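Protein chains: 2
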Amino acid sequence: MDTHLKETRLDGKLAYDGGFLKVTRDRIALPDGAETHREFIRHPGAVVILPLFEDGSVLLERQFRYPLDRVFIEYPAGKIDPGEDPLACAKRELQEETGYTATDWHFLCTIHNAIAYSDEHLDLYLARNLTAGEAQLDDGEFLETFRASVPEMLEKVKSGEVTDVKTVIGTFWLEKILDGRWSPG
Amino acid sequence: MDTHLKETRLDGKLAYDGGFLKVTRDRIALPDGAETHREFIRHPGAVVILPLFEDGSVLLERQFRYPLDRVFIEYPAGKIDPGEDPLACAKRELQEETGYTATDWHFLCTIHNAIAYSDEHLDLYLARNLTAGEAQLDDGEFLETFRASVPEMLEKVKSGEVTDVKTVIGTFWLEKILDGRWSPG
Numbered sequence: 008m009d010t011h012l013k014e015t016r017l018d019g020k021l022a023y024d025g026g027f028l029k030v031t032r033d034r035i036a037l038p039d040g041a042e043t044h045r046e047f048i049r050h051p052g053a054v055v056i057l058p059l060f061e062d063g064s065v066l067l068e069r070q071f072r073y074p075l076d077r078v079f080i081e082y083p084a085g086k087i088d089p090g091e092d093p094l095a096c097a098k099r100e101l102q103e104e105t106g107y108t109a110t111d112w113h114f115l116c117t118i119h120n121a122i123a124y125s126d127e128h129l130d131l132y133l134a135r136n137l138t139a140g141e142a143q144l145d146d147g148e149f150l151e152t153f154r155a156s157v158p159e160m161l162e163k164v165k166s167g168e169v170t171d172v173k174t175v176i177g178t179f180w181l182e183k184i185l186d187g188r189w190s191p192g
Numbered sequence: 008m009d010t011h012l013k014e015t016r017l018d019g020k021l022a023y024d025g026g027f028l029k030v031t032r033d034r035i036a037l038p039d040g041a042e043t044h045r046e047f048i049r050h051p052g053a054v055v056i057l058p059l060f061e062d063g064s065v066l067l068e069r070q071f072r073y074p075l076d077r078v079f080i081e082y083p084a085g086k087i088d089p090g091e092d093p094l095a096c097a098k099r100e101l102q103e104e105t106g107y108t109a110t111d112w113h114f115l116c117t118i119h120n121a122i123a124y125s126d127e128h129l130d131l132y133l134a135r136n137l138t139a140g141e142a143q144l145d146d147g148e149f150l151e152t153f154r155a156s157v158p159e160m161l162e163k164v165k166s167g168e169v170t171d172v173k174t175v176i177g178t179f180w181l182e183k184i185l186d187g188r189w190s191p192g
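Protein chains in written order, with the working numbering: chain R, 8 to 192; chain D, 8 to 192.
Just so you know, the hints here were simulated from the structure itself, not pulled from any lab data. It cannot be assumed that every hint is accurate.
As the list makes no split between identical chains, a pair holds if one copy fits it or if it spans any two.
[What the hints assert, rightly or not] Computed list of lysine-lysine pairs in DSSO-like fashion (alpha-carbon distance at most 27 Å, straight line): (1) K163 <-> K20; (2) K86 <-> K13; (3) K165 <-> K183; (4) K98 <-> K165.
All values reported here derive from a predicted model rather than from experimental measurement.
Bound conformation, chain R alone:
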């Protein structure tokens, strides 16, 4: 049905294979038959965890993000390992980064964060019934955690203190869930 919009791959190659980023460059046909190229990052996908405590507060991280040369406030998140189940990844990342485990998990939504140049998707999960434990950060991973209420997080979104898209979207979803207007799972 979308043939008037669709772009078709003709051929392509891995144009850059870095330790972390891989760039694919494809020759494609546009809807009108003209040829051009598309370059994009191949990404395995990621998960985002929204850890919600009984008192309505959420667990957040402060982490330095090199491309933007500053610390960001974020929900815990991580890349999916090859073949890994997304929910298993969410449980693993929450425990590794924060030490917390949770017994009540609900998938909320999938988001696409850079559709012009990456195939990355992020799956957001709500995690409740949390128990504290010992974090096990990867080598070279540095972060600190803190708690905030959802209204405090919304204020940070509104004021521009929180700008990371997964964290902005997770906060809006949490407001809907706590208001009872949207239900998880």
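With chain R held as given, fit chain D onto it using these hints.
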């Protein structure tokens, strides 16, 4: 204050210079002094336009996104030209992609969509008092437009039909503005 989190550039280079994507690879020092590398995309930044009509409906686009091999529902958006003012870019992109011009513009927020591997930011603008005109799509640009109400867009976010982050966040902001809880500008 964030020296316990900060990563410091030692040296680096442009590791991949494609027609569209540019990858920087830097050697860095971690907070504990250990050395590693960071790879990321340099991006000029982009704008997103939320065109809101008097009747409460918004203008959207359907566009094929090659990295994910499907059509996405999105607000009008575009990359900032070198030296271009973001608001001027928003006005230009709205007119080029949809034909519409607007006389009432308000900056809403900046978001960062891929902080692990891109320095991209997106500035969201509310555009009101809209007048229809003739679109002037770039060569190789194919899209169609449609109108939807904000409640319809929220339902598409909830159901997973809308997954593009700028469009998810723009829709949540529009709900806040139409409810009178957040005010633009």
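Against the structure, the hints:
no. : hint          : in the structure
1   : K163 <-> K20  : neither (42 Å within a copy, 35 Å between copies)
2   : K86 <-> K13   : between (29 Å within a copy, 21 Å between copies)
3   : K165 <-> K183 : both (16 Å within a copy, 10 Å between copies)
4   : K98 <-> K165  : between (30 Å within a copy, 23 Å between copies)
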